[in-house]
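Asker: What follows is each chain in one-letter form.
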Amino acid sequence: MGKDLITLRNICKAYDGTTILDDLNLSIYENSFVTLLGPSGCGKTTTLRIIGGFEKPDKGQVIFDGQDITDLAPNKRQLNTVFQKYALFTHMSVAENIAFGLKIKNKSDSYIKDKIRYALKLVNLEGYENRSPESLSGGQQQRIAIARAIVNEPKVLLLDEPLGALDLKMRQDMQYELKRLKEELGITFIYVTHDQEEALTMSDHIVVMNQGYIQQEGSPETIYNEPENAFVADFIGDSNIIRSTMIRDELVEILGAKFACVDKGFGNNKPVDVVIRPEDIELVAPEDGTLTGVVTDLTFKGVHYEMDVETCGRELLVHSTKLSAVGTKVGIKVDPFNIQIMNVPVSEDEEAISETV
Amino acid sequence: MKLFKNKSTAGLLSTPYMAWALIFILVPLGMVFYYGLTNDNGSFTLDNITTIAKPGYLKALVRSLRLAVISTLVCFILAYPLGMILSSMKLSKNTYIVTLFILPMWMNFLLRTLTWMTLLEGKGVINTILEFFHLPTINVINTGAAIVLGMVYNFLPFMILPIYNSLNKIDENVINAARDLGANTLQTFLKITLPLSLPGILSGITMVFIPALTTFAISTMLGGSKILLIGNIIEQEFTQLYDWHLGSGLSIVLMVFIILNMIIETVFDKGGNA
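Chains as they are written, first to last, in the numbering used here: chain A, 1 to 357; chain B, 1 to 274.
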């Protein structure tokens, strides 16, 4: 994918005795769109603030382009941040906001003027130079915050939940806009969010975090299709997580029925967790299914129907474009490729620690 | 959002306030202007106002302005760093310290100023202690310095609170953003923190400058009878010389300075927000 631009080595951080990050290691490649994804309190924002220089790690190193920048002040780092609530300078005009970093660097007036025009064009806000930030909508303010950051030509743009305060429609528009910006600028984006859909839409690489540990990292497809533990499976999209038994390689017993799968190396007759995405469960005639069940609930969701199917004392979530009415007896089939096997965590601690191997 | 559905309810409820404003603000103000612009015969004159140009009065006015400006400056210099320290502290801690600063205000203002008198007197508490240690005694009472001290002591909270409030309102990430864009600590302070706290500074200045300019109690107690401020002169015209016309005339002059201060504040405030 390219060379490492930022490397975090053994980062530890605690506030008032509460551990936020514990021995975190992370590499970020040049020109990638990396998303730190996790629930609130997972340490994703702290990680971003450590990269930005607003927090000092208790232990560990931040390497940027081969140099240790752990103790470098934020104003000396070659990166810029887009903050959660925009953090625009309300006592300045839009143009003055964008020019702030350039004026500090004593750039010429004509250079600054060109840059302002270029940046406003890039974020589709041409002609807004003399407006006051407070007169703009949330989405427009966020674009100004982005423009203010990118005129400084950073190698990395840090984005701390930048779409969190926007409404749904605006959020979706901005997702594509950010993706386009990233392509046009050709720089690295490090994006923090708790929204899995945002992460899947925009990223090249997703880092799923929980309780200060990295749970799994990989491409959006890998994270979605091959979650490595129950936390990742549950956090990214809807899923059915079922405690099952691995009979032998490529054969797993789920809810008493034997299913063919493609995973190997879990041992024979070992307990495992199985993840099946709701859209991967096929409802067929009872006699054709590996398991049989009864539809207990039905909701129309627009693109698909969401159904609860009760089988062997358990409810499975099923997404399908074909309707099966409540009370219908159905057969359940799953393609071997759509059964994802995961190790059963021994303890809660291990669940938190189990990282990509 | 409208609090009252129809106008007559709002009008009815505001009647007591309107009556209050009429009786206790507008009528006295009208009387001040009436007395200030007439003489004993009741005919129109500007003499009461032009009296301010006479040496003794002018001197008192200049002295009042000088001491008020000095007190305001001292208050600002003390309050701003304190406001910055307070706003950078955790909430539980800083409310405690803010309360400490407000606490003296629970005591009567005259009583507190009187205390300074006994502290600063020639044979007062401070000099007694200094003598005990064979240190040179200080002679502050009945000087301009004592008046400034009294004003700073009494009016400091009025400077601290608005400054602290305006600093506290600044989003931490706005400061971080300035740092992020390459500004060092000093540049961040001058270009971001200071302009964003300007409304607090301005209202702090007004809240200290106006009472400092008009005070007569502090100057009476800590300045003795030697240092007359314009406030003392106006008070004397009313309470000792019974010349309501001159007292009102001088009050009008003082009002001009207060309005001037407010105009300057408004202009600055608008400039800061544009």
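Just so you know, the hints here were simulated from the structure itself, not pulled from any lab data. This one's a predicted model, so the numbers in the text were calculated from it and none came from an experiment. Just so you know, even glycine gets a beta-carbon here, dropped at the ideal spot from N, CA and C. Hints may be right or wrong, so weigh each one.
Unchecked claim - These stretches of chain B come out as covered by chain A in the derived footprint (C-beta under 8 Å, 3 or more residues):
#1 24-37
#2 54-68
#3 189-201
Stated by the list, open to error - Computed list of lysine-lysine pairs in DSSO-like fashion (alpha-carbon distance at most 30 Å, straight line):
#4 B:Lys90 to A:Lys56
#5 B:Lys93 to A:Lys85
#6 A:Lys121 to A:Lys103
#7 A:Lys107 to B:Lys90
#8 B:Lys226 to A:Lys56
#9 A:Lys85 to B:Lys90
#10 A:Lys76 to B:Lys54
Claimed, not checked - Each pair of labels, with its calculated beta carbon distance range:
#11 A:Asp167 to B:Ala10: 43 to 53 Å
#12 A:Asp167 to B:Leu65: 33 to 43 Å
#13 A:Lys155 to B:Leu186: 25 to 35 Å
#14 A:Tyr111 to B:Leu190: 35 to 45 Å
#15 B:Ile264 to A:Lys155: 23 to 33 Å
#16 B:Phe101 to A:Gly302: 22 to 32 Å
#17 B:Leu91 to A:Ser40: 33 to 43 Å
#18 A:Asp71 to B:Phe268: 33 to 43 Å
Asker: Run through the hints listed earlier and report the numbers of any the structure violates, in increasing order.
Answerer: The structure breaks hints 1, 2, 7, 8, 10, 11, 12, 14, 15, 16 and 17; every other hint is satisfied.
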